[in-house]
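Given only the sequences and the hints, what does the whole structure look like? Please build it.
Sequence order for the protein chains is E and C.
Our numbering numbers the first residue of the first sequence as 1 and each following residue consecutively.
Our numbering numbers the first residue of the second sequence as 1 and each following residue consecutively.
Wrong hints could be hidden among the right ones.
Where chains are identical, the list cannot tell them apart; a pair therefore holds if satisfied intra-copy or between any two copies.
[Said to hold, decoys possible] The calculated EDC-like cross-link candidates involving lysine to aspartate or glutamate, where the alpha carbons are at most 20 Å apart (straight line), are: (1) Lys32 to Asp45; (2) Lys32 to Glu99; (3) Lys102 to Asp47; (4) Lys102 to Glu87; (5) Lys11 to Glu99; (6) Lys32 to Asp44; (7) Lys56 to Glu99; (8) Lys102 to Asp34; (9) Lys102 to Asp112; (10) Lys56 to Glu87.
If you are wondering where the hints come from, they were derived from the structure by calculation, not from laboratory data.
Protein chains: 2
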Amino acid sequence: MMYSIGTVAKKTGISSYTLRYYDKAGLTPFVKRDAQGRRVFNDDDLDSLALIRCLKQTGMPLEDIRQFISWCEAGDQTLSERLAMFETQREAVVAQIHESLKNLQKVNHKIDTYRQACQAGSEAAVDCDVISKRSSAELLKQVAAYEIKHPL
Amino acid sequence: MMYSIGTVAKKTGISSYTLRYYDKAGLTPFVKRDAQGRRVFNDDDLDSLALIRCLKQTGMPLEDIRQFISWCEAGDQTLSERLAMFETQREAVVAQIHESLKNLQKVNHKIDTYRQACQAGSEAAVDCDVISKRSSAELLKQVAAYEIKHPL
DNA sequence: ATAGGTCTTAGAGCTAACTCTAAGTCAAGT
DNA sequence: ACTTGACTTAGAGTTAGCTCTAAGACCTAT
Numbered sequence: 001m002m003y004s005i006g007t008v009a010k011k012t013g014i015s016s017y018t019l020r021y022y023d024k025a026g027l028t029p030f031v032k033r034d035a036q037g038r039r040v041f042n043d044d045d046l047d048s049l050a051l052i053r054c055l056k057q058t059g060m061p062l063e064d065i066r067q068f069i070s071w072c073e074a075g076d077q078t079l080s081e082r083l084a085m086f087e088t089q090r091e092a093v094v095a096q097i098h099e100s101l102k103n104l105q106k107v108n109h110k111i112d113t114y115r116q117a118c119q120a121g122s123e124a125a126v127d128c129d130v131i132s133k134r135s136s137a138e139l140l141k142q143v144a145a146y147e148i149k150h151p152l
Numbered sequence: 001m002m003y004s005i006g007t008v009a010k011k012t013g014i015s016s017y018t019l020r021y022y023d024k025a026g027l028t029p030f031v032k033r034d035a036q037g038r039r040v041f042n043d044d045d046l047d048s049l050a051l052i053r054c055l056k057q058t059g060m061p062l063e064d065i066r067q068f069i070s071w072c073e074a075g076d077q078t079l080s081e082r083l084a085m086f087e088t089q090r091e092a093v094v095a096q097i098h099e100s101l102k103n104l105q106k107v108n109h110k111i112d113t114y115r116q117a118c119q120a121g122s123e124a125a126v127d128c129d130v131i132s133k134r135s136s137a138e139l140l141k142q143v144a145a146y147e148i149k150h151p152l
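Right, here's the structure in full:
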């Protein structure tokens with residue numbers, strides 16, 4: 001299947017402005033053009049866009065993504081660089097999740113104390129601001145519960 | 001204990017430029033001044049900074065954090081707004097973790113295939129690009145393993 | 001008393017990642 | 001034939017969140 005930039009924008013939620021910006025930045029050198037010079041996306045291109053979005057979401061700057069794409073274009077002699085990149089990026093994602101779990105813990109604790117404060121009608125009544133340290137296991141269970149409601 | 005802006009910068013890793021920027025933006029109206037007009041931070045202020053950082057990390061814009069802080073300054077009649085804010089923010093954090101788990105899954109899969117490709121010396125040999133869907137439970141186990149190495 | 005360090009302010013500059021504008025091409029529909 | 005609409009380009013503008021500069025005040029140690 002072939003898709004125009006507008007169609008891809010709708011399908012992916014990435015605006016056509018942004019898609020052109022990515023193209024100019026060298027993130028999508030694989031996108032072909034038609035006789036009129038307009039971009040024509042195929043299904044592989046959509047997969048690549050999904051990967052670009054994934055990398056971006058993990059906090060990778062566009063410049064690094066561009067590097068990765070150019071390794072892909074270069075072929076098999078860059079396989080180990082690409083593997084190393086993803087291994088580094090895995091560390092980043094796991095650390096990110098770790099950070100988020102800490103933030104979740106803090107937010108949960110705030111919810112606990114504000115619930116009590118709302119009941120009491122006053123903040124002063126509940127100022128034992130010691131974190132009721134929920135275990136990591138409990139936090140993971142909480143995420144897992146969300147997970148069950150909204151599967152991957 | 002009292003701390004100068006420079007000391008707080010070192011303690012928190014937030015630059016003094018940024019601390020002044022936050023102050024100008026209304027995020028830290030609680031910070032007192034000395035006779036010379038210099039900012040003086042106490043331990044409560046450090047706690048508030050930690051909370052500000054937490055909210056920022058969960059993706060909340062500074063403007064919303066400013067709103068929250070001004071609710072805090074306003075006292076008990078804003079308790080329910082603050083509770084509602086944290087409840088919303090919890091949803092955001094959980095969704096964030098959910099996104100990160102999806103990204104982790106994708107990155108893991110890439111690592112799997114690039115390992116095989118590196119072995120084979122060629123990408124073409126491994127192009128069965130079907131995601132070897134790891135269960136969410138497995139992903140959570142992976143995070144939990146990290147968790148054990150680097151406890152909260 | 002003078003140099004160094006830390007602070008103050010207002011405001012300019014920077015970066016990443018868009019986001020949009022202007023001017024123009026092209027093809028399809030009425 | 002002509003309008004509509006989607007596309008093209010180069011390049012300007014925007015936003016958030018810093019990051020720094022310049023000019024000056026003040027305290028402390030030599």
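Quick rundown of the hints versus the structure:
1. Lys32 to Asp45: Within one copy, since 10 Å is at most 20 Å while 56 Å is not.
2. Lys32 to Glu99: neither (40 Å within a copy, 30 Å between copies)
3. Lys102 to Asp47: Between copies, since 15 Å is at most 20 Å while 32 Å is not.
4. Lys102 to Glu87: between (23 Å within a copy, 16 Å between copies)
5. Lys11 to Glu99: between (31 Å within a copy, 19 Å between copies)
6. Lys32 to Asp44: Classified as within; 12 Å inside a copy, 58 Å across copies.
7. Lys56 to Glu99: both (18 Å within a copy, 12 Å between copies)
8. Lys102 to Asp34: For Lys102 and Asp34, neither the intra-copy (50 Å) nor the inter-copy (34 Å) Cα distance is at most 20 Å.
9. Lys102 to Asp112: Only inside one copy: Lys102 and Asp112 sit 15 Å apart there, 29 Å across copies, limit 20 Å.
10. Lys56 to Glu87: within (15 Å within a copy, 27 Å between copies)
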